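Colleague: The listed protein sequences derive, respectively, from chains A and B. When we follow my numbering, the leftmost residue of the first sequence carries the number 1, and every step to the right adds one. When we follow my numbering, the leftmost residue of the second sequence carries the number 1, and every step to the right adds one.
Think of the hints as simulated: they come from the structure by calculation, not from any bench. The model shown is predicted, which means the values in this text are computed figures rather than measured ones. Cβ coordinates follow ideal geometry from the N, Cα and C atoms, glycine included. Hints should not be assumed to be uniformly reliable.
[Said to hold, decoys possible] Below are the DMTMM-like pairs computed for lysine to aspartate or glutamate, each with C-alpha atoms no more than 20 angstroms apart in a straight line:
| hint | chain 1 | residue 1 | chain 2 | residue 2 |
| --- | --- | --- | --- | --- |
| 1 | B | Lys194 | A | Glu7 |
| 2 | B | Lys197 | A | Asp382 |
| 3 | A | Lys268 | B | Glu204 |
[As the list claims (entries may be wrong)] Chain B residues, not near chain A, derived (Cβ > 12 angstroms throughout):
| hint | residue |
| --- | --- |
| 4 | Ala76 |
| 5 | Pro184 |
| 6 | Gln188 |
| 7 | Glu206 |
| 8 | Pro229 |
[Unchecked claim] If you only want the chain A side, here are some residues facing chain B, beta carbon under 7 angstroms, derived:
| hint | residue |
| --- | --- |
| 9 | Met53 |
| 10 | Pro56 |
| 11 | Met62 |
| 12 | Glu326 |
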Amino acid sequence: MDFKLTEEQEFFRRSIADAVDRMILPRAAEIDETDEFPWDLWKEFSSLGYLGMRYPEEHGGMAADPVTCMLLYEELGRGSVGFAQSVTMNMLMGTYFLYRFADEAILERCFLPALQGEKVATICFTEDQSGSDIGATRTRAEKVDGGWVLNGTKQWITNGPLADFATVVATTDPSQGVKGLNFFLVEKGTPGFEPGQILEKLGCRGTVTGELVLDNVRVPEENLLGEEVGKGFLYLQEILNEVRCMTGALAIGIARTAIRDAVEYAEKRSAFGRPIGKYQLIRSKFGQMATELEASRLLVHSAASKIGAGENPRMEAMMAKMFSTEMCLNAVDEVTRIYGANGFAKEYGPQRYFRDARFLLYGGGTHEVLLNFMGKQVAGRDWRV
Amino acid sequence: MKIAVLVKEVPDLEVKVGVSDGGTELEVEDRNVLNFFDELAVEEAVRIRESGLAAEVYCVSAGDGRGNEAARRGLAMGADSAFLVDDAVLANADPLTIARTLAALVEREGYDLVLAGKQSTDDESGLVAAMVAELLGIPCVAGVVELELEEGSARVVREQPDGKETLRVPLPAVLTAEKGLNTPRVPQVMGVMKAMKVQVPTVELEELGVEAAPELRPRAYHLPPERPPVKMLEGEPAEAAAELVRRLREEAGVL
Chain A
1 MDFKLTEEQE FFRRSIADAV DRMILPRAAE IDETDEFPWD LWKEFSSLGY
51 LGMRYPEEHG GMAADPVTCM LLYEELGRGS VGFAQSVTMN MLMGTYFLYR
101 FADEAILERC FLPALQGEKV ATICFTEDQS GSDIGATRTR AEKVDGGWVL
151 NGTKQWITNG PLADFATVVA TTDPSQGVKG LNFFLVEKGT PGFEPGQILE
201 KLGCRGTVTG ELVLDNVRVP EENLLGEEVG KGFLYLQEIL NEVRCMTGAL
251 AIGIARTAIR DAVEYAEKRS AFGRPIGKYQ LIRSKFGQMA TELEASRLLV
301 HSAASKIGAG ENPRMEAMMA KMFSTEMCLN AVDEVTRIYG ANGFAKEYGP
351 QRYFRDARFL LYGGGTHEVL LNFMGKQVAG RDWRV
Chain B
1 MKIAVLVKEV PDLEVKVGVS DGGTELEVED RNVLNFFDEL AVEEAVRIRE
51 SGLAAEVYCV SAGDGRGNEA ARRGLAMGAD SAFLVDDAVL ANADPLTIAR
101 TLAALVEREG YDLVLAGKQS TDDESGLVAA MVAELLGIPC VAGVVELELE
151 EGSARVVREQ PDGKETLRVP LPAVLTAEKG LNTPRVPQVM GVMKAMKVQV
201 PTVELEELGV EAAPELRPRA YHLPPERPPV KMLEGEPAEA AAELVRRLRE
251 EAGVL
């Protein structure tokens with residue numbers, strides 16, 4: 001059991017960390033402030049070629065293993081979380097089902113440009129009444145001559161209003177719950193497919209999140225992303241573990257940047273004649289945060305490593321996501337306390353980390369849902385500790 | 001045209017540095033990067049190749065257990081190849097030894113132009129490049145902020161305290177990069193991938209027939225004195241200014 005990253009992975013991590021430091025970090029506060037999608041940064045970052053990294057080399061990717069991808073996500077989380085969300089959408093969720101199921105024409109038209117950052121991708125799961133409970137999806141897909149007609153409204157769609165194409169989850173049979181779900185490709189400009197209201201968020205600003213409305217949207221047969229009808233939920237399992245680990249990795253990135261800022265602050269800020277970093281209660285916070293951060297990273301990398309080995313680490317990925325996110329929420333809370341009242345000022349970073357961190361609670365399943373599932377596995381002896 | 005770039009691996013600018021008791025050993029956090037000024041040199045070399053004026057760019061580095069990171073960064077940025085001399089003898093090497101090593105390596109590989117950073121950010125001696133030029137018997141211009149290749153020569157600009165100086169240097173020559181020459185690129189993932197997979201070839205010091213100059217042995221290290229706490233002067237600007245002048249004259253003795 002080797003817990004160390006390979007030399008290549010370490011080099012990769014340093015390279016992406018450097019890219020984040022030079023390109024993204026200097027813009028993070030401004031992106032949060034203006035809450036506008038940074039198109040120039042998007043183009044600049046896309047040109048580095050990281051967007052395609054998890055896909056095979058023949059598509060211009062790196063065939064990067066999941067652990068190496070986690071290194072990227074962690075560094076991205078250190079920069080601007082909003083921007084990171086748009087990036088990861090193109091890297092994984094927004095493109096995966098095209099890579100898996102789409103024909104050549106769609107790959108040329110949508111998938112390959114997305115890997116270059118020339119097109120913005122997104123995926124649509126959530127609706128008003130369904131988030132974690134994806135089986136309650138109401139967006140309907142009706143089979144018609146030559147294709148499908150989609151009707152429904154999607155919420156909380158990252159990149160939604162900007163997307164050039166979307167992978168939409170729609171049901172062909174609501175009575176079947178998760179067994180009625182399918183993925184459909186819908187491209188911008190398709191009649192009836194319109195962005196709706198944009199959400200103003202507490203954090204992860206700079207990524208545009210909003211509604212997508214499907215009003216009698218007609219798509220051709222080849223836009224069904226799947227081999228069979230009703231298999232959408234099964235297909236989703238192919239990336240769900242990775243998505244959860246990715247969320248954990250982003251959380252670790254946020255926590256790291258928050259803790260590092262706090263270390264610097266604790267050196268410079270004095271109270272009662274000494275830098276506050278010399279006081280036990282402050283030191284205790286650092287000790288606790290660092291320990292939990294290391295634990296989170298081990299969970300994420302371990303689960304990612306299993307994904308890379310072809311396993312299906314469902315519990316481990318849930319644990320990684322949940323633990324890392326909770327760790328991050330604690331860390332950003334403690335960091336704002338270390339900053340005292342300055343933790344409440346827009347002038348300093350911690351308030352942004354505090355706001356951004358909260359969003360990671362929801363994607364990939366709320367913790368209430370995950371804990372219920374995980375607990376059931378343990379109590380029902382399906383998972384032995 | 002073949003461009004050789006002299007690179008050095010140095011500690012990251014934000015590492016923690018300490019002096020062990022007795023002041024005889026330096027403790028530096030083990031986090032190394034490609035020297036900032038060398039990065040400028042690599043960038044310039046790669047740009048020249050991309051413009052079609054050069055066919056090949058290679059990096060060379062010499063040190064004791066250091067150089068791999070610098071070489072990899074150079075490759076990630078776009079250098080075609082890199083060579084490393086890794087020998088314990090080079091641990092506390094005099095700049096002359098390093099210069100002899102790099103000159104021998106560059107002579108062996110061939111060059112039409114040699115680029116380097118003006119100095120390293122660790123010991124800041126700024127000597128190696130000029131020594132290499134002397135050993136190769138070619139001109140050296142240090143601190144270049146602008147570089148334009150012409151037929152058989154290079155037009156370079158150096159910044160001086162009182163203005164800019166433009167020189168025309170016959171090639172081959174050694175030119176060292178100063179801040180402002182360019183903005184080094186963030187390596188593309190393809191470059192990073194290539195650099196990740198490469199095994200940088202090492203060359204034995206013996207092969208190069210280099211005679212090491214006497215070793216530089218540090219006698220002692222001292223940390224800079226602790227900065228005294230900052231004193232905030234209160235009051236209206238006019239009052240604070242008067243108080244500041246008083247302190248500068250009477251306490252600090254600088255006026």
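Colleague: Please go over all the hints and tell whether each is borne out by the structure.
Modeller: Results of checking the hints against the structure:
1. Proposed proximity of Lys194 of chain B and Glu7 of chain A is supported: the alpha carbons are some 13 angstroms apart, at most 20 angstroms.
2. For the hint linking Lys197 of chain B to Asp382 of chain A, the alpha-carbon distance of about 41 angstroms lies beyond 20 angstroms, and the restraint is violated.
3. As the CA atoms of Lys268 of chain A and Glu204 of chain B are separated by approximately 47 angstroms, the hinted pair breaks the 20 angstroms bound.
4. Non-interface call for Ala76 of chain B relative to chain A: violated, since the shortest CB-CB distance, roughly 6 angstroms, does not exceed 12 angstroms.
5. Consistency note on Pro184 of chain B: stated as away from chain A, yet its beta-carbon is not over 12 angstroms from all of that chain's, at 9 angstroms minimum.
6. The Cβ of Gln188 of chain B sits about 5 angstroms from the closest Cβ of chain A, inside the 12 angstroms cut-off, so the non-interface label is violated.
7. Remark: the non-interface label on Glu206 of chain B is consistent with the geometry, its nearest Cβ contact in chain A lying 26 angstroms away (cut-off 12 angstroms).
8. With a minimum CB-CB distance of about 8 angstroms to chain A, Pro229 of chain B fails to clear the 12 angstroms threshold, and the non-interface call is violated.
9. Interface restraint check: Met53 of chain A against chain B, minimum CB-CB distance 6 angstroms, threshold 7 angstroms, status holds.
10. With its C-beta approaching chain B no nearer than about 13 angstroms, Pro56 of chain A sits outside the 7 angstroms limit, and its interface hint is violated.
11. A hinted interface residue such as Met62 of chain A counts as satisfied when its beta carbon comes closer than 7 angstroms to some beta carbon of chain B; here the least separation is about 5 angstroms, so the hint holds.
12. Interface restraint check for Glu326 of chain A: the shortest CB-CB distance to chain B comes to about 30 angstroms, outside 7 angstroms, so the restraint is violated.
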